[in-house]
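Asks: Sequence:
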Amino acid sequence: MPLDQPGMSLNPSTAMFKPDPLNTGWRDYGPRVGIWRLMDLFDRSGIRASCLLNSDACTYYPEIVEEGKKRNWAWIAHGKNNSVRLGTMTREDERVYLTEMTQVITEATGQQPKGWLGPALTESFNTPSLLQELGYSYLLDWGCDDQPFSLNVLQGRLLSVPYSLEINDSAIYVSKTLPGKEYAQMLIDQFKVLYAEGADTARVMGLGLHPFISGQPFRIRYLQEVLAYISQQKDVWLTTSDEIATWYLNVEAEA
1 MPLDQPGMSL NPSTAMFKPD PLNTGWRDYG PRVGIWRLMD LFDRSGIRAS CLLNSDACTY
61 YPEIVEEGKK RNWAWIAHGK NNSVRLGTMT REDERVYLTE MTQVITEATG QQPKGWLGPA
121 LTESFNTPSL LQELGYSYLL DWGCDDQPFS LNVLQGRLLS VPYSLEINDS AIYVSKTLPG
181 KEYAQMLIDQ FKVLYAEGAD TARVMGLGLH PFISGQPFRI RYLQEVLAYI SQQKDVWLTT
241 SDEIATWYLN VEAEA
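If you read the sequence shown in UniProt numbering, its first letter stands for residue 1, the second for the next number, and so on.
Just so you know, the hints here were simulated from the structure itself, not pulled from any lab data. You may find that some hints are simply not true.
Derived DSBU-like pairs (lysine-lysine); straight-line CA-CA distance at most 30 Å [said to hold, decoys possible]: (1) K80 to K18; (2) K234 to K70; (3) K69 to K234; (4) K192 to K176; (5) K69 to K80; (6) K176 to K18; (7) K181 to K192; (8) K192 to K234; (9) K80 to K70; (10) K80 to K176; (11) K18 to K69.
Here are the computed distance ranges between Cβ atoms for each label pair [as the list claims (entries may be wrong)]: (12) A228 to E63: 21 to 31 Å; (13) R44 to V193: 22 to 32 Å; (14) V236 to K18: 43 to 53 Å; (15) P179 to E254: 43 to 53 Å.
Just so it is clear, the structure is predicted and the values come from calculations on it, not from any experiment. Note that beta-carbon positions come from the ideal geometry of N, C-alpha and C, so glycine has one too.
Modelling step: build the complete structure from the supplied sequences, incorporating the hints.
Replies: Shown next, in the form of structure tokens:
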């Protein structure tokens, strides 16, 4: 996030200051330390990440993008940065914004992003159709189901792939300030129910993690325990949101 604009805050009382070392430093722990700790955990757990990528991150942290490319991560466009929201843009301004952002991410990662999550999950009424025109195939903004489903757009196809705010680390650790042990139990409880229901028809458990939150030393061990538990279960597909969207489209086509 730009230094002169507010973002997610650990201490909101200083968020209006310019600069704001307290909250900016807290967030900057992510690209400096947290992402590398998570990357190591994912490597050891055999997990390919679906990376929510701001186009600004491609400019300021190209080394992270390069490491993700080595690991064949999926790249989900996440706007220019998290300080720019889409709800107040005109259709043409939004088209320009989305086009430029998509071009930066495509050039940095070597592939056109298929998925989108709006900054702070924001959209305008034009966003889905504009994204579909630009070649996107799915969104993560609509966390209203445990399975993918089709969205209504002016033309073509666009999916919603599940992204849960209820188990997002920012909701648990920052908003609710719960400890790591409770968060780990919540994740396992979430998995157990979806796993049981998945015996009948597939379910998606999308876990949203922020490197400056879950990448903290005192939290990483709980995430490691959760991933170890899930990976030991039978008939679990540890995959990316890109592959989930492709799978759903193929299954729907065969139905």
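Asks: So, for every hint listed, does it hold in this structure?
Replies: Outcome of the hint check:
As the CA atoms of K80 and K18 are separated by approximately 20 Å, the hinted pair is consistent with the 30 Å bound. For the hint linking K234 to K70, the alpha-carbon distance of about 28 Å falls within 30 Å, and the restraint holds. For the given pair, K69 sits about 28 Å from K234 by alpha-carbon distance, which is consistent with the 30 Å threshold. For the hint pairing K192 with K176, the CA-to-CA distance comes to about 22 Å; that is within 30 Å, so the pair holds.
Our distance criterion of 30 Å between C-alpha atoms is met by K69 and K80, whose separation comes to about 19 Å. At roughly 27 Å between alpha-carbon atoms, K176 and K18 fall within 30 Å of each other, so this suggested pair holds. Between K181 and K192 the CA atoms are separated by roughly 17 Å; this keeps the pair inside 30 Å, and the hint holds. Straight-line distance between C-alpha atoms of K192 and K234 comes to about 12 Å, which keeps the hinted pair within the 30 Å bound.
Among the hinted pairs, K80 with K70 is consistent with the structure: their alpha-carbon atoms are about 23 Å apart, no more than 30 Å. Using a Cα cut-off of 30 Å, the hinted pair K80 and K176 holds, with the two alpha carbons roughly 28 Å apart. Distance hint between K18 and K69 is unfulfilled; the C-alpha atoms sit about 34 Å from each other, more than 30 Å. Taking the beta carbon of each, A228 and E63 are about 28 Å apart, inside 21 to 31 Å as hinted.
As the Cβ distance of R44 to V193 is approximately 26 Å, the hint placing it in 22 to 32 Å holds. Between V236 and K18 the beta carbon distance is about 46 Å. The supplied range of 43 to 53 Å therefore holds. Our hint of 43 to 53 Å for P179 and E254 holds, since their Cβ atoms are close to 45 Å apart.
This entry does not satisfy hint 11, going by the numbered hints stated previously; all others are met.
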